[in-house]
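For reference, the chains in residue letters:
There are 2 protein chains.
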Amino acid sequence: MINITFLGTSDAIPSAKRNHSSILLNYDGENILIDCGEGTQRQFRKARLNPCKTTRILISHWHGDHVLGIPGLLQTLALSGYNKTLFIYGPKGTKVFMKNLLNTFVFTGGYPIKVEETNGKFFETNDFYLESKRMTHGVPCNAYVFVKKGKIRIDKSKLKKSKLPSGLLLRKLKQGEDITYQGKKYLAKNLTFKEKEKKISFVLDTSLNKWIVNFVKNSDLLICESAFHSEFEAKAKEYKHLTAKQASEIAKKSKSKKLILTHISQRYDKNPKKILDDARKVFKNSFLVKDLDVLEI
Amino acid sequence: MINITFLGTSDAIPSAKRNHSSILLNYDGENILIDCGEGTQRQFRKARLNPCKTTRILISHWHGDHVLGIPGLLQTLALSGYNKTLFIYGPKGTKVFMKNLLNTFVFTGGYPIKVEETNGKFFETNDFYLESKRMTHGVPCNAYVFVKKGKIRIDKSKLKKSKLPSGLLLRKLKQGEDITYQGKKYLAKNLTFKEKEKKISFVLDTSLNKWIVNFVKNSDLLICESAFHSEFEAKAKEYKHLTAKQASEIAKKSKSKKLILTHISQRYDKNPKKILDDARKVFKNSFLVKDLDVLEI
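From first to last, the protein sequence lines are chains A and B. First residue of the first sequence: 1, per the working numbering; consecutive thereafter. First residue of the second sequence: 1, per the working numbering; consecutive thereafter.
FYI, nobody ran anything at the bench for these hints, they're computed from the structure. Please read all numbers here as calculations on a predicted model, not as lab measurements. Do not rely on the hints blindly, as some may be mistaken.
No distinction is drawn between identical chains; accordingly, a pair holds when it is met within one copy or between any pair of copies.
Capping the alpha-carbon separation at 20 Å, the derived lysine to aspartate or glutamate pairs in EDC-like fashion look like this [to be verified]:
| id | residue 1 | residue 2 |
| --- | --- | --- |
| 1 | K151 | E195 |
| 2 | K273 | E231 |
| 3 | K17 | D291 |
| 4 | K198 | E117 |
| 5 | K46 | D291 |
| 6 | K158 | D28 |
All chains, please: the whole structure from these sequences, using the hints.
As structure tokens, then:
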């Protein structure tokens with residue numbers, strides 16, 4: 001199970017209802033924070049989640065509303081006895097910004113922090129990988145995908161018919177090896193199937209560009225900024241942001257299954273449905289999140 | 001009228017109930033922010049106050065929980081068209097920290113920021129003044145007082161008896177000048193009185209020292225950190241903080257009228273009365289604030 005908690009869903013200026021950008025992806029011991037706007041550590045508390053379980057921070061770009069929660073979070077981890085290595089990934093410039101950031105207050109530290117500037121696949125286990133792609137936002141900016149790989153699983157009904165015993169032999173089948181049992185050969189491809197991979201994409205702050213669709217192709221969940229309604233398309237272009245309608249067009253063209261709109265302007269605090277309607281005209285399976293919403297996938 | 005809004009009342013780690021330190025003092029067009037912990041700009045929104053009315057920021061010290069809201073606030077002021085000079089005061093080191101802080105993200109700026117390191121009286125008008133005093137907290141740290149000066153007022157009952165007309169003559173009396181009207185001399189001291197000054201003191205993060213009492217002497221309102229209950233006195237000393245009991249002893253010795261406890265640890269979230277009781281044993285007129293409480297004085 002992958003859990004996604006929307007810790008903050010506002011745009012550049014937070015409102016009483018929405019905190020600055022931050023999304024937490026939890027999967028099998030990994031707690032990956034995508035952006036960390038001011039106030040994120042307190043959003044953890046409100047969501048009854050422990051910030052000390054954070055394993056990685058992915059930074060889309062260095063505008064204040066996406067990063068100004070980092071120093072406070074790092075300090076709280078230090079005060080709480082965090083003792084793992086914290087991995088921080090971001091676009092070009094991240095190393096210098098991170099160095100500056102730790103000189104802005106009396107940081108007590110106490111645990112290793114590894115900072116990496118990424119473009120392409122940057123972290124991989126047997127089970128999942130993380131990949132980034134440069135976006136277009138006036139400053140270096142990354143979109144990210146989290147891909148849970150499709151594992152090879154035993155087809156239980158076929159296994160039953162085969163009368164193979166459980167144990168070591170099945171483990172070999174899962175690794176794609178053919179096996180021989182009581183003189184009979186069993187082909188892995190006949191007794192197993194490959195799960196579908198799960199892809200979650202995070203597009204936070206960008207203008208429309210030609211390579212977004214390809215990067216987020218076939219997302220199970222496309223999480224996308226939509227700072228503006230399409231009536232402000234010119235303004236969105238000027239400020240290098242997306243409209244809700246553009247986000248929905250990306251969802252449609254990329255054959256994504258579900259679109260989640262975030263990075264919502266306070267101008268829509270009283271009527272968020274306006275943003276949602278803008279997207280649903282093009283892509284029905286669109287949703288708009290509010291702070292502390294949780295999705296399971 | 002002086003209005004004081006407690007925007008954040010937590011200690012180093014915020015809780016779901018309490019945001020990091022920040023207090024707003026509003027008086028006659030001045031909006032003076034004392035400390036600006038992470039999330040302060042959003043606390044403004046929750047308090048339905050406009051952060052763009054901020055005129056001055058007073059920084060007690062550069063531990064993260066007291067300053068990490070500054071960059072976000074400065075950015076929001078820029079995005080909102082702030083066009084006055086913003087004055088920032090703090091202890092030694094403030095100029096370097098402020099310079100570093102504006103290099104931690106892509107700050108769009110657009111208005112002048114004046115930074116001053118203070119020790120002693122540092123701002124004065126005809127009506128009020130601001131003064132700072134070094135405290136003891138392991139890093140350079142200031143306590144502050146805001147003093148509304150006592151104005152010379154006309155004694156209305158005596159004026160009635162004197163049968164003097166209103167207007168220019170009264171203005172002279174208010175300035176302390178004696179006047180002559182229809183051949184008769186009127187002494188200013190006989191027709192006026194001096195209002196009492198109002199003193200509000202802010203002691204945020206310090207260990208007990210010999211000069212606090214004198215600095216906050218005769219406060220109408222003594223706002224004081226109390227990170228620990230007196231059962232943790234040794235710990236308070238180790239971390240260079242005050243207990244609630246020590247805060248109340250300062251209130252008593254300084255002949256302050258009212259003590260406000262803030263900078264409260266999450267360990268007391270479920271039983272804040274424990275902290276209050278610790279203070280009231282020594283000084284009855286003690287109160288404990290929560291986020292967004294407002295006091296008028």
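Status of the hints after comparison with the structure:
1. K151 - E195: Close inside one copy (5 Å), not across copies (80 Å); limit 20 Å.
2. K273 - E231: Within one copy, since 14 Å is at most 20 Å while 53 Å is not.
3. K17 - D291: both (7 Å within a copy, 16 Å between copies)
4. K198 - E117: For K198 and E117, neither the intra-copy (25 Å) nor the inter-copy (54 Å) Cα distance is at most 20 Å.
5. K46 - D291: both (10 Å within a copy, 15 Å between copies)
6. K158 - D28: Neither: 29 Å inside a chain and 81 Å across chains, both beyond 20 Å.
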